[in-house]
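**Student:** Protein chains in written order, with numbering that gives the first Met the number 0: chain A, 0 to 471; chain B, 0 to 372.
Misleading hints may appear alongside valid ones.
Simulated pairs of lysine-lysine, DSS-like, Cα-Cα distance not exceeding 27 Å [what the hints assert, rightly or not]: (1) K387(A) x K158(B); (2) K2(B) x K177(B); (3) K433(A) x K34(B); (4) K448(A) x K244(B); (5) K433(A) x K158(B).
Just so you know, these hints were derived from the structure itself, not from any lab.
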Amino acid sequence: MNTTPRRDSYDVVVIGAGPAGLAAAATVAEAGLSTLLLDENAGPGGQVWRAIKSTPVTERDYLGADYWAGADLVDAARSSSVEIIQRATVWSLDRNLEIGVSIGSASSFVKAGRVILATGALERPFPIPGWTLPGVMTAGAAQTMLKSSGLVPDGPTVIAGQGPLLWLLAAQILRLGGRIDRILDTTARRNYLAALPQAFAFMNSPYFAKGLAMMREVRAKVPVVTGVSELAAAGDGQLATVTYAAGSRRETMPAELLLLHQGVVPNVNLAMAAGVEHRWDDLQLCWSPILDHDGNTSVEGIAIAGDGAGIGGAQAAIVRGHIAARAAVEALAPAATAKLAPMATFRASLARAERGRAFLDTLFRPSQRFRIPSGDTIVCRCEEVTAKDILDAVAIGATGPNQLKAYRRTGMGPCQGRLCGLTVTELMAQARDKSPQEIGYYRLRAPVKPITLAELAAVPKTETDVNAVVRG
Amino acid sequence: MTKLADAIIVGGGIHGCSTALHMCLAGMKPVLIEKDYAGRHASGVNAGGVRQLARHVAEIPLSIRSMGIWERIEELVDDACGFESHGQVLVAENDAEFDTCRARVAELNALGFTHEELIDGPELRRLVPAVAESCPGGVVSRRDGAADPARTTTAFRRKAAALGATVREGVAATNIRKQDGLWRVDVGADTYAAPVLVNAAGAWAGRIAAALGEPVPVETVAPMLMITSRVPHFIDPVVILRGRKLSFKQFANGTVLIGGGHLATPDQDRNETVLDWRSLAVSARTVFELFPVMRSATIVRAWAGIEARTRDELPVLGPSARHSGLYHQFGFSLHGFQLGPGAGAVMTELIVNGGTQTRIGDLGIDRFHPFAP
Chain A
0 MNTTPRRDSY DVVVIGAGPA GLAAAATVAE AGLSTLLLDE NAGPGGQVWR
50 AIKSTPVTER DYLGADYWAG ADLVDAARSS SVEIIQRATV WSLDRNLEIG
100 VSIGSASSFV KAGRVILATG ALERPFPIPG WTLPGVMTAG AAQTMLKSSG
150 LVPDGPTVIA GQGPLLWLLA AQILRLGGRI DRILDTTARR NYLAALPQAF
200 AFMNSPYFAK GLAMMREVRA KVPVVTGVSE LAAAGDGQLA TVTYAAGSRR
250 ETMPAELLLL HQGVVPNVNL AMAAGVEHRW DDLQLCWSPI LDHDGNTSVE
300 GIAIAGDGAG IGGAQAAIVR GHIAARAAVE ALAPAATAKL APMATFRASL
350 ARAERGRAFL DTLFRPSQRF RIPSGDTIVC RCEEVTAKDI LDAVAIGATG
400 PNQLKAYRRT GMGPCQGRLC GLTVTELMAQ ARDKSPQEIG YYRLRAPVKP
450 ITLAELAAVP KTETDVNAVV RG
Chain B
0 MTKLADAIIV GGGIHGCSTA LHMCLAGMKP VLIEKDYAGR HASGVNAGGV
50 RQLARHVAEI PLSIRSMGIW ERIEELVDDA CGFESHGQVL VAENDAEFDT
100 CRARVAELNA LGFTHEELID GPELRRLVPA VAESCPGGVV SRRDGAADPA
150 RTTTAFRRKA AALGATVREG VAATNIRKQD GLWRVDVGAD TYAAPVLVNA
200 AGAWAGRIAA ALGEPVPVET VAPMLMITSR VPHFIDPVVI LRGRKLSFKQ
250 FANGTVLIGG GHLATPDQDR NETVLDWRSL AVSARTVFEL FPVMRSATIV
300 RAWAGIEART RDELPVLGPS ARHSGLYHQF GFSLHGFQLG PGAGAVMTEL
350 IVNGGTQTRI GDLGIDRFHP FAP
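In isolation and in its complexed conformation, chain A is listed as follows:
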């Protein structure tokens, strides 16, 4: 299963085997087109169904029905003609639809007729004082350990932040017998009012009842502090305490583990490196690709489905996968669409799946104080650049993230801006009194994931290389 692709080119290459990628690949294959599904993880499922075929957590109630629902989609993709390669890291994609992929420490190139990116979401940076200390990690990382290995915290643990994933993780940790001492809810009080007009749609959404039940389950076991407006981690080389303020209350509590989460944002790196145009989304506070209603991007032949197209959740991701796949089939082999459900069916499903999203986006819109740090708080972990360093660079003429690189090397480390990009854009926008759209984002470059020099050196030679004319 972990070998190089069998062919040099495919009708459709799908990147990412989460909900959107699995649905897209299965649909394209159903229409009879050659399909390659490349996925970075050890098994299919993406983040939401991580380790669905291998998790040691077999008690079904622990991970919940939504998790196990992914098994059907995995089975559908596996029983189709899709060539699925796991542990395949796509490190390059360009507008010629050539894909550089690393599999088992060997890289090769494949050509696609169409590409469907289903690279999902990343956790939003949460740059509070002390967030880089060992002992502070993201909720997503904790959930990965839980799903893959059944590991849960057993020392003094604080969970801080907001959003559906935070409550899901808390519930899962508790069901597996893990320890949580306190939940610090950073949801801004005014967000409840702002979200009210969307509440009716939300109450009719599939999330409502489940979300409410989960919060009730967690609150029965863990003290929850709401309205948290300040948050800091501290310790000498290792997390020791968490300090927070909520209203007039201020407390410093001991902790060995602090899990942070304030929502997810599209993982834009591969799409941006391929030249796909993005715009700033003022509600979700992130960069989203500019797409038509079939998920097609500004680059001919590249479509995006799933949370990478804008956060919509797993159900919406599945349907967006179907839509992008059907559109790809329409473009490559129109007659083959007869085998697929009509587009109208998919669009109706999408409308259902997206119901209530505006409520969640408004309610869980993270506060400025937790997005835009100040002073000595680290922004760029790779190069240890603080908020103050960035403001100093702005003062001497850095106008945007790309100019900032020249002064501070932000975004130039191994994470390629994944952990600092949004913070840098918003911080510079605030400092220069511009919109994030005007400030822009890092120009991202392949390899979007580092590859070793040895691996690049081992790329098979072509005829032209052999005949390469050297400079006199």
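Keeping the supplied structure of chain A fixed, place chain B upon it in accordance with the hints.
**Tutor:** Frame of chain A; chain B shown alone:
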């Protein structure tokens, strides 16, 4: 509204910014127009080589002039520009290449240039300990080095603006024309007028020259570079190979920049390039063979900047052969960064004094138009 200036410079690369700064030092008030931002293209993303080594004889005087400015760069622009002088070394991988090196140094010495020095195998390995035993020697230019290109270009722009240059970024210069004895250029809703126009528009300069009736054989190219993760310090000078396309530099933070002139496909109108990974793989193989210490390093990022390359790979520097008040400063053909500080000084001398002590006669645009009126 028409605004008057002493000169209009089109292009905010190292060349346009250097010329703007030197004009200010000479008491002029120029306006610099950059369609993106200063250093957005080749000037900000090149390998940063500050190199006199292995240059065409026609541009050596300009390179030497520039080197003098580099060595006092902080006095000029109030920023050290990341300039470090650990020399540049050209490595001969076999005896035939070493013979070529010997002949080259002899030729330069005969012309009175002494910056290139032939070195034998032991001296080569003293300078570059990691180089293979089989390499018989090479050439060193000891005053050479490297700087941070984006920081340098930005520093020139900042100092020029501080001394009174008007810097317009983010809007292209359009409708370039001469009217009533003045050069006029539209920038958005504004029009600038000046007796002098400097065409320093890099990859876009060929279009400007052609539109003004002075076409030059020039193409748009995008040389690729890649940078690695940090590896233990193992090399000080910049290393280039005599026989293969490779240049190599380790920064103080341990990262290694690999270049050498393999080209990406430029898309000038989109400000984009499409990288050619198979060519980058050739560079990776060369490094793999020559420097075993690099084998476990990871490639963190690769990119290419867009610039102009002339048919003879020499820049166009000097007055127009056709229009009074028009000056060209472009076509630096993958090796213009080091020349930037000197070229700005020389250009200003040409404009202010009508001549320069620095020998640039072979770089004029008239070399492409021998029979022009």
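**Student:** For each hint, tell me whether it holds in the structure or not.
**Tutor:** Taking the hints in turn, this is what the structure says about them:
1. K387(A) x K158(B): holds, 23 Å
2. K2(B) x K177(B): holds, 15 Å
3. K433(A) x K34(B): Roughly 19 Å separates the two Cα atoms, so the pair holds.
4. K448(A) x K244(B): holds, 25 Å
5. K433(A) x K158(B): holds, 24 Å
Violation of the numbered hints given earlier is absent; every hint is satisfied by the structure.
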